[in-house]
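**Student:** Residue numbers (our numbering): 393 to 1079.
Hints should not be assumed to be uniformly reliable.
20 Å max Cα-Cα, derived SDA-like pairs, lysine to any residue [as the list claims (entries may be wrong)]:
id, residue 1, residue 2
1, Lys-871, Gln-930
2, Lys-602, Thr-623
3, Lys-766, Val-702
4, Lys-708, Gly-770
5, Lys-751, Asp-775
6, Lys-751, Lys-763
7, Lys-636, Glu-514
8, Lys-636, Ala-606
To be clear, the hints were calculated from the coordinates, so they are not data collected in a lab. Here the structure is a predicted model, which is why all the values come from computation and not from measurement.
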Amino acid sequence: MYTANAIRNICLLGHSGSGKSALAESLLYMTGAIDRMGKNADGNTVCDYDPEEIRRNISISASVVPLDYKNARINILDTPGGFDFSGAAMEALRAADAAILVCSAKDGITVGFEKAWKYCQERNMPRFIYISKVDEDNSDYNATFDALREKYGNKIAPVVVPIWDANRKVTGIIDVLNKRAYEMQQLKRVEIEIPEGKEDVVEEFNYALKEAVAETDEELMDKFFAEEPFTYAEMIKGMHQGIKDLSMFPVLCGSGVTCLGSLMLMDHIIDLLPNPVEGNYHKATLADGTTEEFVVSPGGVPSAFVWKTVSDQYGKYSFVKVLSGEITSDTTLVNARTGETEKLGRLYTMCGKKATEVKALSCGDIGAIGKMDKVKTGDTLCDPRKVVSLKQIPYAKPCYSQAISPKAKGQEEKVAAGLARLNEEDPSFTVVNNAETRQMVLSGAGDQHLDVLVAKLKTRFGVDAQLSPAKVAFREKIKKTVEAHGRHKKQTGGSGQFGDVWVRFSPQEETDDLIFDVEVVGGAVPKNFNPAVEKGIQEAILKGPLAGYPMVGLKAVLYDGSYHPVDSNEMAFKLAAILAFKEAMPNAMPTLLEPVGALAVTVPEDYVGDVMGDLSKRRGRPLGMNPDADGNTVIEAEVPMAEMGNYAIDLRAMTQARGSFTLEFVRYEEVPKANQQKIIDEAKNDD
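Can you make the complete structure from the sequences, with help from the hints?
**Tutor:** The structure is reproduced here in structure tokens:
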């Protein structure tokens, strides 16, 4: 068991393919946790163990690898770089106290890196930058470093200097702080002499570090101006403070394949990054609804936050970060969300998919609890003496929807049950049964996200499902007042049926609901049949005359009719009303209405023209543009929902994934005449 001071919780963030999982693999190898390194392409890395991750060669969920190094525990949280799986990055950010932003020397600053930086900025999270793949062909450490300096300023502090050979290939690195050089020989780190001509660069960077350190403390500033040397302890203390204050972002580099730079990275993690007690503060809501700062405290009463759930064929694991005190397998805690008391089950530390049972988890550590059936991601488990609820994980709102259905009839319940289980471990998607369109609608971050869910339904729950476009719920309305006669007559021996009505149908704007009125004079239709007439019309408006969509904004007035003293009954008048409706509608200028949404698109200035052009193709009406706090432009528009089915994918393509949007339903509007026939034809084909 490690004390909180000896624990570091670090999440790896960055663009897909930047080398995060390979870096985690090299750290495991260098600490002896594994004896051979796996490769993404071979599907045998520790972090990417899910069958879908192996099949696709990408990370889909966050995984934990604990490293024991120099009497400390480093919990590395490897996150997916794919934008469709950003929910997993949100989870890891809640459990981490610092981040390492991985940036490939081949690709430089990518969209994924920019997003990761923004996530950290929003959370005031201390961070390192690790430039990966420095020894690969076409890599350019200097160009990547210069781009970082240009974008993020002088807070970008290099703590390594790469060593190049004659072909500009990185063969080793120099530790700027300790002025020592290393290279890798057969996956072993070997110290070498600092190459000739590199001394000046090392001195220059070392001086820059001292300057940054001097700014963290007045005494050190005086010492710096007096040109007195700093001790090693002063340098470490000053850098630690600068990183915590976000006035310094150290840059390291290396290779996940050769393990170059991996040991230096771990040394710097332990020396410079905050432990859980110094990490991000949390806001807690108390039982009475007030909020207070939550202090991570090894001596406090036990509490833990559930930041991730795995619910697979091996069982259910609730991943927790212990935020105060210590938990053991017989600790009893209260779930702040439900108020129920939970006796903890077996405790584990996780390394990828491998669970190792432990007796206890100490404050600041990350582990998992088995078989907590009623516990969900985002729950706070706490001591009954102090029940607090920590802020939920801020998943992005799902923006891409498709209808999901089983390939074989009768398996709808299996699909729904499988999605409910998958939702336990991925709360970033939603499932809604749309009664109107009779579709189960699955919404997530993008097409790849939904594709993975469909694949998991098959592999885990044995149900074949398919995706199709989600239908739009149109409406129908009339534009002209008409009068119509409906007569239902069956009088052929025995008790007959007779109902006879005259109804005036007119458009009305006040409400979408049917307004029914009676203007019958002299008892032409007895009052006791009025409810039957209304019921008939209520039934009829469920299917409009054009495409069978519900009718809105209709007023129906029963103004005349006749009855038979013996053969008239409620059913006869209900059927007569339906006949009057059917006769009236074709002459009442029926029209289609479509749902219109309020759209807000946030994009960098460079993409505004493309987005505006695309909106006009979607029949969008721009309402205005405003700058936001990050220097982006927010375009506001109203746009028909029917045109927005693939917008999440199209916007990503248009803006290199830098754009985001929200879309909220506002009202129904008439569909332009030119577009109506296509909708009517499609509705008839569906029937």
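**Student:** All hints are to be evaluated individually against the structure, with a verdict given for each.
**Tutor:** Verification of the supplied hints:
| no. | hint | in the structure |
| --- | --- | --- |
| 1 | Lys-871 x Gln-930 | holds (19 Å) |
| 2 | Lys-602 x Thr-623 | holds (11 Å) |
| 3 | Lys-766 x Val-702 | holds (13 Å) |
| 4 | Lys-708 x Gly-770 | holds (15 Å) |
| 5 | Lys-751 x Asp-775 | holds (19 Å) |
| 6 | Lys-751 x Lys-763 | holds (16 Å) |
| 7 | Lys-636 x Glu-514 | holds (15 Å) |
| 8 | Lys-636 x Ala-606 | holds (15 Å) |
The structure fails none of the hints (numbered hints given earlier).
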